[in-house]
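Each protein sequence line maps, in turn, to chains S and U. If you want the numbering used here, it's the position in the first sequence, counting the first as 1, plus 4. If you want the numbering used here, it's the position in the second sequence, counting the first as 1, plus 4.
I should point out that these hints are in silico values taken from the structure, not numbers from a laboratory. For clarity, every value in this text was computed on a predicted model and none was experimentally measured. Certain hints may be false.
[Claimed, not checked] For lysine-lysine, the following DSS-like pairs were computed, each having C-alpha atoms within a straight-line distance of at most 27 Å:
(1) U/Lys-71 x U/Lys-61
(2) U/Lys-29 x S/Lys-130
(3) U/Lys-152 x U/Lys-71
(4) S/Lys-130 x U/Lys-152
(5) S/Lys-126 x U/Lys-150
(6) U/Lys-29 x U/Lys-150
(7) U/Lys-150 x S/Lys-130
(8) S/Lys-126 x U/Lys-61
(9) S/Lys-126 x U/Lys-71
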Amino acid sequence: MQLLLILLVVAGGMGLSVEAGLLGPLGSDVGDLWATFSIFGVGAALTFLLMLFFSPRNSPSYFTQPAWTLLGGILGPVYVVILTVAVPSIGIAMTMIGILAGQVSKSLVIDHFGLFGTAHRKIDSKRIIALIFIIAALFLMTKG
Amino acid sequence: MNILMIILAVVGGAVLSMQAAIGGKLGSHVGVFRSAFLTFSVGALVTALLIFFFESKHAVTLLDVPKWQLLGALCGVPYIVIMVVAVQRIGAAVATVAVIFGQLAMSMLIDHFGWLGNEAIHFSMTRLGAVICLGIALFFIYSSSKAKTISTEKVSQTSARS
């Protein structure tokens, strides 16, 4: 059961790369914003159905939440447009490693300053080591 | 040009983790699917606005391309569902490493074979070196996430006691 779930999560991660692999060529054909729109349009339809059938019945309204917690939809397209633009020129692997570097460094900053309502934590030396190896990998990738 | 693209990808990762942090915060109040729906629907609105004012004319439209090229969201949305189901059963540390592993392995495969209409970038010795570096990085990410999970468990246990 555990192993099956782990394989499922690995497949989920593979899906993210396939998504990027589809976006790059699509963006070159129909335009980067249209390609991004295809992700969010289809995604909105799918998640609407998921919400309709599987969401807890009495969850609170969006309008009772602080406005900044609703900003995810503004940031999402920024990320997808960047994927669409970057993949055709540097390839999927390098794009993904770059994104990983950004994620790890950003999570260090979020933890350090306790941003977005997360608990304030001391900076994590293991994450810094991880970041150094990710940057080394990026550097190797540029060598071909 | 390539350097610019790499910097852009790093910025994209930072934006993604901000989005994940904000979405997670919202999800803890209104539920994961409601939070995901808000992200996708607002994202579609913002992109539509940008298209109206900034997109130049292209000979090919979304309706002309082969349908399989439109399946991107069908890869992204299951990821959300899988994480919801899996994280509480296998733990965040294992899930994080498994996702990144899947992502990197698949990206190397797509690059090497030039799948999905991408230009082929063949696997090389330097790419192998990069994979080794990433393996080491994953080990440290795993042990750091594991330490984090334990410390949050401790905090919740102590707060439950008091």
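(message) With the threshold set at 27 Å, check whether the alpha-carbon distance from S/Lys-130 to U/Lys-152 stays at or below it.
(response) holds (11 Å)
(message) Just to be careful, I want the Cα atoms of U/Lys-150 and S/Lys-130 compared with a cutoff of 27 Å; is the pair within it?
(response) Roughly 11 Å between the alpha carbons, so the hint for U/Lys-150 and S/Lys-130 holds.
(request) Would you mind confirming whether the straight-line C-alpha gap from U/Lys-29 to U/Lys-150 stays at or under 27 Å? (result) Between U/Lys-29 and U/Lys-150 the Cα gap is close to 21 Å, so the pair holds against 27 Å.
(message) Does U/Lys-150 sit within 27 Å of S/Lys-126, going by the straight-line distance between their CA atoms?
(response) holds (15 Å)
(request) Please work out if U/Lys-152 and U/Lys-71 have their alpha carbons no farther apart than 27 Å. (result) violated (43 Å)
(request) Starting from U/Lys-29, check that the Cα of S/Lys-130 is at most 27 Å away, please. (result) Roughly 25 Å between the alpha carbons, so the hint for U/Lys-29 and S/Lys-130 holds.
(message) Would the hint linking S/Lys-126 and U/Lys-71 be met if the CA-CA limit is 27 Å?
(response) violated (48 Å)
(request) Below or equal to 27 Å on CA atoms is what counts here, so check U/Lys-71 against U/Lys-61. (result) Holds: U/Lys-71 and U/Lys-61 sit about 21 Å apart, inside 27 Å.
(request) Measure nothing beyond the straight line between the CA atoms of S/Lys-126 and U/Lys-61; if it is 27 Å or shorter, mark the hint as holding. (result) Outside the cut-off at roughly 50 Å; violated.
Violated hints for the displayed structure, listed by number in ascending order: 3, 8, 9.
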